[in-house]
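*Asks:* Here are the chains, one letter per residue:
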Amino acid sequence: MQSNAALEYDYTVAKLYTYTTILFGFVGMLIGTLIAAQLAFPELNYLLGEYGTFSRLRPLHTNVVIYGFTVSGVFATFYYSAQRVLKVSMAESKLAMFAGKLQFGLYLIAATGMVVSLLMGITTTKEYAQMEWPLDILIVVIWVLWGVAMFALIGIRREKALYISMWYFIACFLGVAMLYLFNNMEVPTYFASGGVGAITHSVSMYSGTNDALVQWWWGHNAVAFVFTVPIVGMIYYFLPKESGQAIYSYKLSLLSFWGLMFVYLWAGSHHLLYSTVPDWMQTMGSVFSVVLILPSWGSAINMLLTMKGEWNQLTDNPLIKFMVLASTFYMLSTLEGPIQAIKSVNAIAHFTDWIPGHVHDGVLGWVAFMIMSGLFHMAPRMFKREIYSKKLVEAQFWIQTTAVVLYFTSMWIAGITQGMMWRAVDEYGNLMYSFIDTVTVLHPYYAIRALAGVLYVTGFVMFAYNMIKTMSSSRELAEEPQFRSPMA
Amino acid sequence: MDIRELQGYASFFMTVFLVVVLYWYIVYLYRSEKKGEKDYEKLGNIALDDELDSTPVNTSDPLPNDKKEQNK
Chain A
1 MQSNAALEYD YTVAKLYTYT TILFGFVGML IGTLIAAQLA FPELNYLLGE YGTFSRLRPL
61 HTNVVIYGFT VSGVFATFYY SAQRVLKVSM AESKLAMFAG KLQFGLYLIA ATGMVVSLLM
121 GITTTKEYAQ MEWPLDILIV VIWVLWGVAM FALIGIRREK ALYISMWYFI ACFLGVAMLY
181 LFNNMEVPTY FASGGVGAIT HSVSMYSGTN DALVQWWWGH NAVAFVFTVP IVGMIYYFLP
241 KESGQAIYSY KLSLLSFWGL MFVYLWAGSH HLLYSTVPDW MQTMGSVFSV VLILPSWGSA
301 INMLLTMKGE WNQLTDNPLI KFMVLASTFY MLSTLEGPIQ AIKSVNAIAH FTDWIPGHVH
361 DGVLGWVAFM IMSGLFHMAP RMFKREIYSK KLVEAQFWIQ TTAVVLYFTS MWIAGITQGM
421 MWRAVDEYGN LMYSFIDTVT VLHPYYAIRA LAGVLYVTGF VMFAYNMIKT MSSSRELAEE
481 PQFRSPMA
Chain B
1001 MDIRELQGYA SFFMTVFLVV VLYWYIVYLY RSEKKGEKDY EKLGNIALDD ELDSTPVNTS
1061 DPLPNDKKEQ NK
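Here the protein sequences line up with chains A and B, keeping their order. Here our numbering is used: the first residue of the first sequence is 1, the next is one more, and so on. Here our numbering is used: the first residue of the second sequence is 1001, the next is one more, and so on.
Just so you know, these hints were derived from the structure itself, not from any lab. Fair warning: this is a prediction, and the values are worked out from it, not measured in the lab. Among the clues, some could well be false.
Said to hold, decoys possible - In silico DSS-like pairs for lysine-lysine, Cα to Cα no more than 25 Å straight-line:
| hint | chain 1 | residue 1 | chain 2 | residue 2 |
| --- | --- | --- | --- | --- |
| 1 | B | K1042 | A | K469 |
| 2 | A | K160 | B | K1042 |
| 3 | A | K469 | A | K15 |
Based on the provided sequences and hints, a complete structural model is requested.
*Replies:* This is the structure we're talking about:
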């Protein structure tokens, strides 16, 4: 370890991931808005030949927002906050810096490969695990490099106690490592068959119900360990730091952490209710989903109580607005999910638009709000300039909040309408509606969703513009702000 | 008893065991702080005072730190 006389935190890797977060956020959300519009106006499927169809773009949308936008955001905030809570600079560890930079280089290659291969229709067809085996191997290397950087920093830390955010980042690392490896066990058919077929093609090592179970053990825990765990880690750092208020109850944060770890892994089978998996396993998925409310709300309430006595900041500081609303959307989403996992509710909700409605109040309201506010908080410290425009942040907040509300309310109505129409029978037991009847009825709600997408992307462009101007031409800061992020 | 049933029982008893462990952990957290053996809440300051040259909080154990303070 060097002397820390002239030492500073080194944000090189955090900056690189900040750029990709902005890039992939824009691309992923733009595609999402296009496919939302395609559902309302099907002729939009034919803009770009086979590359513009819903079936090609939908997996691209989910993969770009999960592995492009969110994972970049997780890495950016990790490489920023881990140094600070461990009180050690990346510049002090050649290993951490090397692993971080190599990880970013490989990440760019993998992300490009993901976009190209999915556009070309190369896919395993397993949801959120569509990337084929060569990319899977590359992702394992990237993930291991993250672990190397993480534990290299932890190994030389000055702060011996690991702050709660670090626990969450470590859990993200370990959870995804385990789940990703198990779910992507696959046989490359070209090699197994002695040179027949496409070299990129593979089949799962599991079959039938087992494959479905492992897939949703992964699928649901991608939500847990990519969309929840690291984002909770972010809010535990950024909200206290931005507000100048320590976490309301550190004990509750520890308790919620272990509760979440204990419960989340067993909730995945709620995706397979009324399927061929054993009945006890379906019930277990439902029960654990309901129990999951406790640790989720434990963290969310802890965050809201952190603002106790300081609620005036909610009106003064738009970043606090983002974070408090993110926490509130986390509460909404983690109440809605368990409700959908109850078997009788699931009988109506399954396969309907209520499901993407639920996912989006979580990802747009919780994940993206937290990542954007985290990056806004980081920007003045990384680039030593104040945030370019407070008015723009305020406007972005209201536009995107309106967008999220429009999205989930339209999908709630669409989903329940759909579910009720599908199961409606006449006095003789015949189905009352054909599928196209539901499509006709749902058209206005699909149009509202597309509008919500346009509003959200507009807000994201404002965020990107504000960030780029902050990096390039905003007023320079003489010293680093302690708590509240300065903005013009 | 077939393998599925065994899996069900194994899952149930593992759940019960982990619930006991989790509740024990809650009791441990609050009891150790009440007795003055630990001070978890001061760990919250790690996020607030996070400069490279800030004094580390280091431990949730209040006693050795207090003694050090007294010896200075």
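*Asks:* Give me the numbers of the hints this structure contradicts, sorted from smallest to largest.
*Replies:* Checked against the structure, the only hint that fails is number 1, while the rest are satisfied.
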